[in-house]
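Line by line, the protein sequences give chains A and B.
Under full-length UniProt numbering, the residues of the first sequence are numbered 1 to 679, in order.
Under full-length UniProt numbering, the residues of the second sequence are numbered 1 to 359, in order.
Calculated from the structure, these hints are not laboratory results.
Please read all numbers here as calculations on a predicted model, not as lab measurements.
Treat the hints with caution; some may be incorrect.
Listed next, the in silico DSS-like pairs over lysine-lysine satisfying Cα-Cα at most 25 Å (straight line) [claimed, not checked]: (1) 317/B x 328/A; (2) 353/A x 69/B; (3) 386/A x 317/B; (4) 328/A x 69/B; (5) 153/A x 317/B; (6) 548/A x 531/A; (7) 581/A x 531/A; (8) 284/A x 69/B.
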Amino acid sequence: MEKEKSSSFKGRGGDDKNYGADTTLLPVETSNCSNGKDPPAAEKNETEEAEKPEEKEKDRGGEVEEATPSTQIKYTMEKAWEDIEHFLLKVEADVGSEIPDSINQYLDLVEEKTSKRELPEKSKGCPLPDLDDDWSFLKVAQQMSKLHKHISKIFQLDSSQGPLINRIGRIHQQVMCYLEDEFRALLEESRVVEPDVNQEPAADQCAEPGEGQDQAARSNETLSNFPGYSQEALATLNKTAKEMISGGYEFECCEVYTMTRRNAIEETLNKLGFEKISIDDVQKMQWDALEREIPSWIKAFKACANVYFAGERKLAETVFSDNPSVAKSLFNSLTRVLFLQLLNFAEAVALSKRSTEKLFKFLDIYETLRGNVSNIDSLFPEECAKELNEQLMTACSRIGEMAICIFRDLESSIQSDTGRTQVPGGAVHPLTRYTMNYLKYACDEYKDTLERVYKDHSQIERANSTSQPLDYQGNSQSNDDENQSPFSTHLIKIMDLLDSVLDAKSKHYKDVALSNIFMMNNGRYILQKIKGSPEIREAMGDNWYRKKSYDLRNYHQNYKRETWMKLLGCLNQEGLNVNGKVVKPVLKERFKSFNAMFEEIHKTQSSWVVSDKQMQSELRVSIVGVIIPAYRSFLGRFSGYLTPGRQTEKYIKFQPEDIETYIEELFDGNTASLGRRKT
Amino acid sequence: MGSPIGGSPSNEAELESFQRQVADRFLDLASVPSDELLSLPWVRKLLDVFLSCQEEFRVILINNKAQVKNPPMDRLIADYNERTVKALDVCNAIRDGIEQIRQWQKLIEIVLCALGGDSNSYQRSLGEGQFRRARKALIDLAIAMLDEKDSGQTVAHRNRSFGRNNNSSSHTKDHHHRSLGHFRSLSWSVSRSWSAARQLQAIGNNLAVPRGNEVLATNGLAMPVYTMGSVLLFVMWALVAAIPCQDRGLQVHFNVPRQFPWSAPILSLHEKILEESKKRDRKNACGLLREIYQMENCTRLLGVLADSVQFPLSEEKGKEVKQRVNELKQVSDAMKEDLEPLEKQVREVFHRIVRSRRA
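Work the whole structure out from these sequences, hints included.
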């Protein structure tokens with residue numbers, strides 16, 4: 001800051017060249033507006049109004065003003081200025097040059113002009129400044145700054161020219177003061193286009209990343225809409241800033257700019273629905289209330305990162321086009337604070353008590369933060385971008401950590417689900433449903449984000465633990481045939497955990513067949529969920545999927561063995577033939593126990609549940625395939641040994657078709673028993 | 001002194017040494033000469049003290065991991081964590097306050113630029129224009145430095161009394177009307193209804209010396225938790241006392257029994273700071289930071305001077321102005337140097353608290 005300031009002071013010698021350029025420019029501009037408008041106005045008012053300010057000023061520059069009425073030549077501003085410029089050139093060479101009367105006349109005219117500008121503004125509150133008038137006034141400002149600089153360089157205040165220099169300094173200050181006010185008024189009130197906050201262009205942009213040109217075009221459209229100043233207003237702002245800075249009023253200019261823009265941005269954010277909430281409040285809020293705040297925050301954050309910050313930067317660059325370093329520092333100090341404030345909300349949310357239902361909103365925040373890293377890099381100069389990105393990544397990793405902790409919580413909630421209550425009929429356990437639906441949703445909607453969260457996190461972990469060799473990741477990958485990502489690894493861990501918890505639960509069923517049905521049901525449910533979602537399927541990997549399918553077949557076999565192999569035992573021909581003769585009592589016994597056993601199986605297992613229709617029919621088909629041929633051949637072979645009529649009726653209760661029908665009734669969750677139906 | 005710390009011999013030494021360390025640090029803070037108390041370097045030292053205490057506390061908790069998870073220790077830690085979350089908002093508000101001081105500095109730059117503390121070429125032409133410019137910035141500064149609690153009326157009143165001898169054009173007055181709302185919205189991180197005074201109260205809520213059975217049940221660990229709670233409360237309170245922030249108020253209930261080795265220095269600091277806040281010229285201050293006080297003094301004197309100067313400027317007045325400007329420049333430079341590291345430290349405290357919660 002100081003360097004710049006002193007250089008602008010010292011640079012005055014160098015500026016002289018510019019003055020030459022200015023003089024050639026000035027008459028052209030002057031002839032355009034001032035010649036047409038100002039002189040008549042000035043002359044008209046001169047007689048009525050000119051006396052008043054003079055009276056007021058008597059105590060300060062009395063002697064100077066008194067000379068005015070007696071002067072013969074009536075100067076216009078341009079004429080007087082021409083004179084002054086001439087004098088400034090002359091005095092450069094010869095300090096002794098006589099000070100022309102035109103200086104005082106010129107000052108009179110400036111004072112008059114400034115006092116006139118004050119009047120309408122006061123009576124009407126703060127109307128939009130008249131832009132045409134601004135331009136002529138800006139020229140006056142430029143001239144005054146030049147005059148002020150030159151004169152105070154040449155003459156000392158305590159010299160005989162003290163009163164004149166004092167007067168020039170005073171009027172210059174006044175003029176600068178007006179510029180400051182106009183600058184503020186322009187910044188505050190000249191926005192023609194209200195930025196349309198409901199359009200939400202930013203959100204769209206982020207929803208489809210990677211579409212470069214289309215996006216750029218759209219965001220350009222919005223940019224031109226924010227901060228909403230007209231081209232004319234921008235041009236005036238630019239010129240005003242330039243005059244203020246070259247008049248030595250850079251601090252004032254920056255101050256006004258910072259304050260007004262700060263208020264404007266805050267207003268815009270409020271319109272977006274983003275409210276400042278303290279961290280403590282966030283902790284106290286109910287989740288459903290906090291949940292509602294998150295979309296507003298996301299909207300505000302995206303709008304800032306994609307539109308408003310860029311708009312602010314462009315505005316600063318436009319208004320301070322002659323002072324890029326000023327533009328840069330203004331933009332930085334304005335947006336930096338705002339950015340940190342926006343991050344603060346994310347930090348606050350990351351501190352709230354975690355629970356599984358919060359995961360998805362957390363991931364939304366994470367995506368929002370993570371998705372805007374490149375924006376920060378492109379918007380802010382290196383140093384500032386570095387700081388902000390650091391803060392952003394800190395917030396990010398906190399949110400990410402929360403997400404990972406939520407998965408760990410899920411793990412421990414699975415683990416702690418040790419209730420001994422059995423699901424009737426061996427159906428899908430609620431824990432399976434909950435876990436799978438949760439994981440499937442997480443993967444369907446957030447898999448990429450989760451992969452990123454885990455990757456970031458494992459990198460941080462690795463960076464933190466020095467004991468890990470550098471090629472840690474490479475090693476862990478080579479040990480794994482499937483190149484599992486850290487997220488996949490955790491996901492598989494959770495699944496395996498679920499599996500073992502289910503396995504423990506299955507042991508609570510007294511009937512081994514039923515515990516197999518339970519495992520089948522749950523396994524099938526898990527596989528179906530995974531098959532239905534390419535994201536989670538990919539995350540689980542082929543190996544896992546294959547193994548799980550294999551397990552499922554095993555449960556099926558185990559079930560068949562438990563239930564139906566025993567039944568088949570009744571149809572065993574062994575022991576029926578003794579010395580080539582069929583032993584009838586044994587045969588009768590066989591039929592009896594077959595019937596009883598089948599009835600029992602039917603009774604219990606039709607109350608069992610296999611809710612997956614395909615699996616249900618597969619099971620039935622497979623049972624039929626085992627039982628029916630065996631039964632049919634048994635019947636064919638031995639039914640003849642029974643006396644037709646009563647005996648046959650008594651011992652052959654089921655025809656093969658009956659068996660099939662009854663098998664079709666299994667696993668329906670039906671509690672009505674065969675026996676009851678018969679009666 | 002009779003040690004209030006119970007516990008097994010193994011960690012007794014550790015806990016004892018923690019108490020001593022805390023005491024030594026605060027003794028150090030309390031032993032500064034009165035003109036260094038509440039200065040920027042002192043506040044920075046205060047934050048360092050907090051960070052060191054917090055770190056040692058963390059180590060104690062790590063060394064006693066098993067204890068920490070069991071009741072009643074888990075509850076005590078949860079209580080402490082709740083206090084620290086509340087302190088996070090104080091950190092943010094303080095950061096806003098630092099930002100606010102930065103804004104004041106920009107106004108001071110204008111004064112320095114106008115009255116040419118560092119530019120020889122402008123020095124010799126100190127005229128009415130320069131004084132008006134400086135005066136305008138001084139008035140803006142006075143308005144900006146008013147405590148937010150002050151109503152608009154007080155602002156207007158003070159404003160008028162500040163520029164009492166100001167017979168400048170109506171324009172300057174017009175300008176003031178506009179600036180009133182101009183500086184208001186400087187608090188960024190906390191909601192409008194947020195109150196530092198209430199927050200401090202919440203941090204200190206139910207902060208009580210652990211009962212004998214608690215000390216026994218926690219193997220003495222309840223003591224450092226209480227100590228850190230008190231340290232946290234005091235540090236946050238002192239920050240709020242020193243630095244402008246929303247709805248400051250120092251009437252927090254601060255009741256530390258004398259039995260701890262650190263209670264004497266903390267209580268003495270507390271008393272000294274309270275005394276400072278009750279001084280007539282500090283009563284309405286927006287922050288007790290020594291540099292703010294100096295800034296206020298310098299700018300007030302400059303304001304009076306600017307209101308009273310006659311032109312052409314007498315040599316004597318010129319010298320006086322030069323002297324005042326130099327003073328102001330010194331204060332401003334000192335602030336410039338320390339504000340940024342202070343802000344970083346506040347942020348470090350913030351992050352440290354956040355990290356400690358998840359450990």
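(message) Which constraints among the numbered hints does this structure fail? Numbers only, ascending.
(response) 1, 3, 4 and 7
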